[in-house]
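From first to last, the protein sequence lines are chains R, U and X.
Here our numbering is used: the first residue of the first sequence is 18, the next is one more, and so on.
Here our numbering is used: the first residue of the second sequence is 83, the next is one more, and so on.
Here our numbering is used: the first residue of the third sequence is 8, the next is one more, and so on.
Simulated from the structure, these hints should not be mistaken for laboratory data.
Quick reminder that beta carbons are idealized off the backbone N, C-alpha and C, glycines included.
Be a bit skeptical, because a hint or two may be false.
To be verified - To give an idea of the interface, some chain R residues facing chain U are shown, with a C-beta separation under 7 Å as derived from the structure:
#1 Pro101
#2 Leu111
#3 Gly116
Said to hold, decoys possible - Taking lysine-lysine pairs in the BS3-like style, the calculated list, with each CA pair at most 25 Å apart, reads:
#4 X:Lys77 <-> X:Lys116
#5 X:Lys133 <-> U:Lys286
#6 X:Lys99 <-> U:Lys286
#7 U:Lys189 <-> R:Lys48
#8 X:Lys116 <-> U:Lys286
#9 X:Lys77 <-> X:Lys10
#10 X:Lys77 <-> U:Lys189
#11 X:Lys79 <-> U:Lys286
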Amino acid sequence: MFLQQLTNGLTVGMIYALIALGYTMVYGILKIVNFAHGDIFMIGSFLGLFFMQEFHLPLYLAFLLSAAVTAVLGVLIERLAYRPLRMADRIVPLISALGVSTLLVSLAQKLWGTEMHPFPTAFGSRTYTLGSITFSEIQILILVLSFILMLALQLFVTRTKTGTAMRATSMSLTNAALMGINTNRMISLAFAIGSALASCAGIMVGIYYNAVYPTMGYMAGINAFTAAVLGGIGNIPGAMLGGVLLGLVETLGGAYISTQYKSVISFSILILVLLIRPSGILGSKDINKV
Amino acid sequence: MRKKTAMIAVAALSIVVPVALQQVNDYLLHVVIMIGIFSVLSLSLNVIIGYAGQFALGHAAFYGIGAYAAALLMLHFDLSFWIALPASAVIAGLAGFLLGSPVIRLKGDYLGIVTLGFGEIVRLIFVGWVDVTRGPMGLPGIPAPSLFGFTFSGKLEFYYLILLLVLVTYFVINRLVHSGVGLSLLAIREDETLAQSIGIRPNKYKLLAFTVGGFFAGAAGAFWASYISYVSPDAFRYLDSVNILAMVILGGAASLPGSILGAVILVAAPEILRYVSDYRMILLGLAIVLMMIFKPSGFWGEKHRRRNFYGNVRKGESK
Amino acid sequence: MDKVLELKKVSVNFGGLAALREVDLDVRRGEILSIIGPNGAGKTTLFNLLTGIYRPTSGTITYKNTVINKLKPYRRVELGLARTFQNTRLLKNMTVLENVLVVHAECNKEGIFAAVFNSRAHLRRKREAIVQECVEKLAMVGLEHKLDVLAGSLPYGEQRLLEIARALATGCEVLLLDEPAAGMNAVEKAELVKKIKRLSKQFSIDMILIEHDMGMVMEISDRIVVLNYGMKIAEGSPRQIQNDPNVINAYLGGEAEEL
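Model the full assembly from the supplied sequences, consistent with the hints where possible.
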């Protein structure tokens with residue numbers, strides 16, 4: 018029972034981690050919380066559904082195509098709704114992000130209705146048993162694919178020239194620009210990667226719970242943001258760690274304390290982390306200079 | 083002088099027009115009442131966002147706390163509306179104070195997320211605490227206010243009641259922000275570190291803003307409960323908080339007439355544009371983004387702020 | 008002589024870096040004390056320490072016989088310590104008058120119930136008196152004719168004067184001036200020296216001054232303390248300081264000829 022819950026928690030945690038990466042990359046560079054990120058995740062899920070239902074594409078193509086479309090969407094959102102506001106008061110892009118979020122949710126409601134859509138795939142229902150633990154196919158997919166994606170991101174960020182430029186941009190936007198880095202391109206890249214990862218997470222969640230609906234990005238977004246903060250916002254390994262930890266705590270709490278208040282658990286964690294250690298587990302402490 | 087004439091005209095219109103509206107259509111009056119409720123909500127949120135500069139995203143929670151408190155007080159304790167309303171306002175104000183105490187140390191987006199979380203926790207409690215709130219089924223049969231045997235049953239009566247509530251809210255908040263308290267709030271919004279080092283206590287004023295904001299939102303909630311005679315968790319969602327926030331921003335942060343204008347626009351526009359009502363929320367989202375890009379100070383923004391509102395400057399100057 | 012403010016063996020460390028090392032310092036009733044030293048000597052750290060933005064790692068700060076090591080900045084303002092900033096910090100979107108009003112104790116402490124429930128006439132009378140006082144503070148620095156101007160649109164020199172007026176309006180007894188003459192021309196500087204001296208003597212406000220303009224320091228100060236590498240290396244009258252070999256040594260190079 019406990020091991021089974023641990024596995025389920027890890028599965029949810031990997032999903033949170035994937036979404037959290039988008040928050041963390043954008044925050045690392047622009048220092049804004051992209052409130053619309055959870056809804057990008059939702060759009061990704063719907064797109065996957067759309068490609069499979071309308072064009073009968075195989076799952077892997079649905080993954081690729083919706084990741085590509087969502088990446089473009091993420092870049093567009095940054096261009097149109099955030100970039101013009103970069104010089105403005107900090108509260109201004111936040112409100113704009115809220116506007117984008119509202120826009121995406123209501124657009125999805127208009128296009129696909131408010132009801133839950135089942136995911137039309139036979140994939141994922143088969144199960145394997147290992148000792149006392151039962152894995153479903155989709156759980157294995159989530160664990161493996163998330164791990165691969167995160168590893169790839171980590172390698173990209175640490176081993177490639179573009180990745181290094183991106184890290185430099187997140188250390189200091191001005192300094193990076195002075196070093197000849199095209200910071201706007203780095204920002205677009207962060208939005209593109211974050212959105213593509215969220216889209217993958219969206220499709221996997223859609224299959225896992227067999228439900229896709231317009232407001233699904235709301236709770237997922239908050240949980241992922243909590244994960245990002247828990248691990249240390251702006252910090253990529255931190256987002257992964259935070260996601261897994263949150264998934265475990267939430268699932269175990271849900272199993273042993275109360276399912277009803279499962280989301281209260283993650284909110285409470287978020288509030289506590291922000292109050293006690295806002296820099297998170299792996300984040301470095303900002304020194305506030307006067 | 084011209085201002086006085088204008089005010090008398092507005093007063094006369096706000097008394098007479100509803101009577102005419104009712105002749106045309108009861109529903110129109112309902113829309114006007116909703117404008118009133120949301121005016122109180124956006125005025126109260128403006129204290130927190132516009133004046134104290136605290137990006138709070140859970141205002142619907144205070145509204146909900148006020149509504150549930152009033153419903154429970156009237157249903158289970160048989161309190162009259164006239165006691166239940168101020169009591170609910172106090173309870174919601176207290177909630178503002180309690181929420182404020184731990185979170186005022188947070189800034190910007192972090193504060194936004196935490197208050198959003200708070201709003202969601204409150205809603206989950208409405209849904210989950212079935213013994214008291216009946217969960218998603220909500221609480222029906224909340225009595226209408228009555229005074230000396232006269233019951234406020236018609237829309238017109240409720241209209242005058244909400245008009246009174248808007249006026250009281252406006253009066254109190256207007257007095258408050260045009261005082262030493264208001265000056266301190268503006269100073270904190272502009273530069274908190276500086277405010278602190280010139281002798282202003284940021285925490286005290288931020289808490290005050292949350293308490294006052296919660297108080298009036300609670301009053302609006304109590305009115306709503308009695309007006310609709312039914313409360314359920316559905317009316318106090320995250321999107322409702324965003325809607326109230328949009329009213330403040332559209333009208334203009336730190337502008338009280340702006341808050342009312344924002345409520346008028348966002349309540350009335352979807353009704354007027356009925357044929358696009360499907361696109362209501364899409365348009366709202368778009369409007370927020372466009373507003374931030376082209377006119378972040380709102381339609382009736384701070385450009386209209388009275389300079390040197392404190393005391394009579396002309397007199398001080400003529401020395 | 009009366010010691011208003013006293014530092015005993017005060018050190019401040021940032022991480023491993025010592026910004027101030029065992030500094031002893033006192034400010035006496037009625038004097039103008041200047042703190043000088045090369046860049047990075049710890050002068051601004053000292054100000055941030057006195058106003059409560061930093062806390063000492065070790066040592067004690069005593070103000071009027073109470074240890075204030077841990078007091079919050081606003082508490083220190085209430086006790087009578089006020090400052091100006093090296094890079095002026097004003098509420099730029101508020102008017103000149105509002106910048107001063109907002110720190111005035113009576114205005115600052117106006118309760119919400121008073122603000123809401125008192126009669127208009129009563130409030131007006133009370134506020135007029137407060138405004139009058141603030142206008143007087145502004146008159147002390149010569150800004151009384153600019154009440155309605157937004158602080159952000161004042162010329163630089165006047166912004167500095169407004170900072171002084173603001174500090175005065177807190178009812179301060181000790182005023183910390185962080186490079187008040189920076190960016191001023193010779194005429195403005197001379198004018199400023201006169202104003203500071205007048206404030207010091209006429210209104211008996213004790214001054215602590217950080218300044219790079221040695222001419223001004225020598226002219227204005229009753230006493231000078233020299234910091235270098237976070238340590239106090241000399242203390243005395245302007246004449247003593249000018250002839251102190253340690254000081255000359257510390258300043259040798261770029262700024263030696265200014266002495």
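Verification of the hints:
1. Pro101: holds, 5 Å
2. Leu111: Holds, about 6 Å.
3. Gly116: Constraint on R:Gly116 satisfied, holds at 3 Å.
4. X:Lys77 <-> X:Lys116: Holds, because 23 Å separates the two Cα atoms, which is no more than 25 Å.
5. X:Lys133 <-> U:Lys286: holds, 23 Å
6. X:Lys99 <-> U:Lys286: Holds: X:Lys99 and U:Lys286 sit about 23 Å apart, inside 25 Å.
7. U:Lys189 <-> R:Lys48: holds, 12 Å
8. X:Lys116 <-> U:Lys286: Satisfied, since the Cα-Cα distance of roughly 11 Å is no more than 25 Å.
9. X:Lys77 <-> X:Lys10: holds, 20 Å
10. X:Lys77 <-> U:Lys189: Judged against 25 Å, a Cα distance of about 23 Å means the pair holds.
11. X:Lys79 <-> U:Lys286: Distance of about 13 Å is within 25 Å: holds.
In terms of the numbered hints stated before, the structure departs from none.
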